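A.B. asks: Residue strings, one per chain:
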Amino acid sequence: MSLIQLNNVGKIYPLGSQQVIALADIDLEIGAGEFTVFAGPSGSGKTTLLNLIGCLDRPTSGSIRIDGRETGGRTAREMADFRLHHIGFIFQSYNLVPVLTAAENAEFTLMLQKIPKAARRRRVEELFAALGLAGLEDRRPNDLSGGQQQRVAIARAMAADPRVILADEPTANLDSQTSEELLRLMRRLNEEQGTTFIFSSHDPQVIHLARRVIRLKDGRLESDHRQSPKTAA
Amino acid sequence: MDLLSLAWKNLWRNRRRTLITLSALGLSLFLLQTFHNLSFGVYAQMVDSGVRAGSGHIALYRGDYAQSRDEELSFAEAGLSAAIAREPGVRAALPRVYLPGLAQSSRESRGILLMGIDPVAEAEVNPFWKNLPEEERITDPEGREALVGSRLLKELKLEIGNKFVVTVQHRDGELTGELLRVRGVLRTGLKEIDGSMVMVGRLRAAAMAGIPGEIHELAVILERAGDQSRLLPKLAMLTEEHPRVRALPWEVAMPNLSDAIRLDYASQKFIFAVILLIVTIGVVNTLLMAVMERIREFGVLLAIGTTPGRLRLMIWHEALLLGLLAMALGTLLGSAATWYLTARGLDLRALMPAGLEFGGVVFDPVLRAAWDVGWMLEMGLYVIGLCLLASIYPAIKAARIPPAEAMRHR
Ligand SMILES: Nc1ncnc2c1ncn2[C@@H]1O[C@H](COP(=O)(O)OP(=O)(O)OP(=O)(O)O)[C@@H](O)[C@H]1O
Ligand SMILES: [Mg+2]
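Note that the protein sequences, when read in sequence, are chains E and F. Taking our numbering, the leading residue of the first sequence gets 608, the next gets one more, and so forth. Taking our numbering, the leading residue of the second sequence gets -12, the next gets one more, and so forth.
FYI, nobody ran anything at the bench for these hints, they're computed from the structure. Check before you lean on any hint, since a few could be wrong.
To be verified - Stretches of chain F that chain E covers, calculated by requiring three or more beta carbons in the stretch to come under 8 Å of a beta carbon on chain E:
| # | stretch |
| --- | --- |
| 1 | 211 to 219 |
| 2 | 232 to 240 |
| 3 | 281 to 291 |
| 4 | 294 to 303 |
Said to hold, decoys possible - DSSO-like cross-link-like pairs, simulated, lysine-lysine; straight-line CA separation at most 30 Å:
| # | chain 1 | residue 1 | chain 2 | residue 2 |
| --- | --- | --- | --- | --- |
| 5 | F | Lys117 | F | Lys178 |
| 6 | F | Lys178 | F | Lys144 |
| 7 | F | Lys221 | F | Lys256 |
| 8 | F | Lys(-4) | E | Lys721 |
| 9 | F | Lys(-4) | E | Lys724 |
| 10 | F | Lys150 | F | Lys178 |
| 11 | E | Lys721 | F | Lys384 |
| 12 | F | Lys150 | F | Lys117 |
| 13 | F | Lys384 | F | Lys(-4) |
What the hints assert, rightly or not - Anything over 10 Å on all C-beta distances counts as not near chain F; from chain E, calculated:
| # | residue |
| --- | --- |
| 14 | Gln612 |
| 15 | Asn658 |
| 16 | His692 |
| 17 | Asn702 |
| 18 | Thr716 |
| 19 | Gly739 |
| 20 | Ala779 |
It should be emphasised that the depicted structure is a prediction, and the values quoted were computed from it without experimental measurement. No residue lacks a Cβ here, since even glycine has one placed at the ideal position from N, Cα and C.
Could you put together the complete structure from these sequences and hints?
C.D. replies: Encoded structure:
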């Protein structure tokens, strides 16, 4: 059984008197441990699809299952709890809470899960070491580079050991070298720790680094193929 | 790092805005507390001198004398004053006779109020006697020596030592005159007293009206104004043998003073309400702004698993902390000001005419505050409540935004 299963998923946004068909007829399965990119031009539906998988939004039609469990039809509170325990998120920008230090940001989901402080600190220390962030624990986001901020966001997403980490254009605000470094880091975590990543991008450089490329166009699946990614540098 | 410490950090995210809001709240609270305590002190002082010169904290009357002022409603004193004065918490009991009458000198005549008093008891507590030199005081409750209001004295063209005739109605209906001598002059600043009051010993006055040993009023002065409700029933018990004598609190016996205070305080309350309304608008604005500019961040917090309820709670914590700080700041300033105004007072002598009258009491131009701690606390809690109230809407609004939409913000 696949980790993520989408059956005939559609999403329609009302826009004034009109309707925007953001996604239509999406059938998709993504397994545990995959390293997948949603590629496609702007407006093709990447964010919408990630939001649906991540339980940030509900599909207009079709069903989404994670670990065989239907995700739709919950209250806002239940959806929040589901996200807390099963999904990690990395966003494009303004990811971190500016008044909290890097370490406090990274342990935020653990705090929400009421994990004791000592255990949180241990986990964050371990993640910061793995992500090359050691020594930056007490910095505020504003005192970190863009790449460092995104690595803190990765640490936060991974802290609670979610089933899948969703990253919507995590490199959009980074220069190409930093982008590549970040992607290689994510892939290393994928390979070494088995973390499932799904991210979106329209940057060919970044798309190259995925193992599975799902192309979207006008809200439909255009192609879906696996590739052997450029090897780690 | 729990909700409270996160809220604390968020509060200082926009340091300047928070400081401005905090000052507005703190200063309002400070003004509210200071002006209330000042009024509280001034009213207490006025009540104090009002009750001493007037009907006491508690007044004993027969029937509805308080309203009708019917001289027929007299009652036998019969040692009642002494019995009441022995009651713990009672400072003095002042028996009094009131008789409307006519004063005639060799050249003029005027309508007067003849007040019969117990000179010894009155001298201790009546503020009107304060300015009276020793040689002008009367001492004999049966004597013919009288104290005359300063204006009345002038109008009758009398001087200290002169004789004059006072005529009052005898209980049997006849008019009776009595020759009295001016011993001293009452200078109170109150028109009614200075212009028409003649004081003599109460036994003399009662004899003139043919009601020997009787009085119209027994004014009871307490050690502490707050003991009034405790002592009212006790006095009622002491007067049991006098079936138609009732004990009234000063608010009922002296409606002028209590109404004047109530009216003054009502207008002050109105100003308080306006101040609070203005700062409320400021607080609502601050909290709303602080929330609206963080919508995207709230989107991230919700996305990574913060429940809407927790987000609301975080925003309410921010408001609570703002309120607590404002309460601490305002109360600190308010206490400092109150302390100064109780110790030193506010001297208005340069700003207002001497002898201003307020509700039948001469206004002391040096205003002194008094601590009303309960009220200060209440206002502080009100400020906290105000902050919480102002944050209800922004918090609910913030927690309602679907995370996907919040993330598209900006
Ligand atoms: N809340 C919304 N209301 C109306 N239309 C929306 C909304 N969100 C997305 N859309 C529309 O749905 C379509 C897909 O949008 P989506 O954001 O998923 O695209 P994307 O592939 O992420 O684009 P980009 O690369 O620019 O981020 C677009 O046409 C967009 O205008
Ligand atoms: Mg997008």
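A.B. asks: Below or equal to 30 Å on CA atoms is what counts here, so check F:Lys(-4) against E:Lys721.
C.D. replies: holds (20 Å)
A.B. asks: Keeping to a limit of 30 Å between CA atoms, is the pair of F:Lys117 and F:Lys178 held or broken?
C.D. replies: holds (18 Å)
A.B. asks: So E:Gly739 supposedly isn't at the interface. Is its beta-carbon more than 10 Å from every beta-carbon in chain F?
C.D. replies: At about 22 Å from chain F, E:Gly739 clears the 10 Å cut-off, so the statement holds.
A.B. asks: Quick check: do three or more residues in the stretch 232 to 240 of chain F have a beta carbon closer than 8 Å to a beta carbon of chain E?
C.D. replies: violated (count 0)
A.B. asks: Just to be careful, I want the Cα atoms of F:Lys221 and F:Lys256 compared with a cutoff of 30 Å; is the pair within it?
C.D. replies: Violated. F:Lys221 to F:Lys256 sits at ~35 Å, over the 30 Å cutoff.
A.B. asks: Confirm or reject the statement that E:Thr716 sits farther than 10 Å, beta carbon to beta carbon, from all of chain F.
C.D. replies: violated (6 Å)
A.B. asks: Beyond 10 Å from every chain F Cβ: check whether that's true for E:Gln612.
C.D. replies: The claim holds: E:Gln612 sits with its nearest Cβ about 21 Å from chain F, beyond 10 Å.
A.B. asks: Run the distance test for F:Lys178 versus F:Lys144: straight-line Cα separation, threshold 30 Å.
C.D. replies: Given that 30 Å is the threshold and the Cα spacing comes to 18 Å, the pair holds.
A.B. asks: E:Lys721 and F:Lys384 were given as a pair; does the straight-line alpha-carbon distance stay at or below 30 Å?
C.D. replies: holds (26 Å)
A.B. asks: For the stretch 294 to 303 of chain F, count the residues whose Cβ lies under 8 Å from any Cβ of chain E; is that count three or more?
C.D. replies: Coverage by chain E holds for the stretch 294 to 303 of chain F (4 residues, Cβ < 8 Å).
A.B. asks: Checking the smallest CB distance to chain F, is E:Ala779 really beyond 10 Å?
C.D. replies: holds (13 Å)
A.B. asks: Apply the coverage criterion to the stretch 281 to 291 of chain F and chain E: a residue qualifies when its Cβ sits closer than 8 Å to a Cβ of the chain, and three qualifying residues are needed.
C.D. replies: holds (count 7)
Hints 1, 2, 7, 15, 16, 17, 18 from the list above are not met by this structure, while the remaining hints are.
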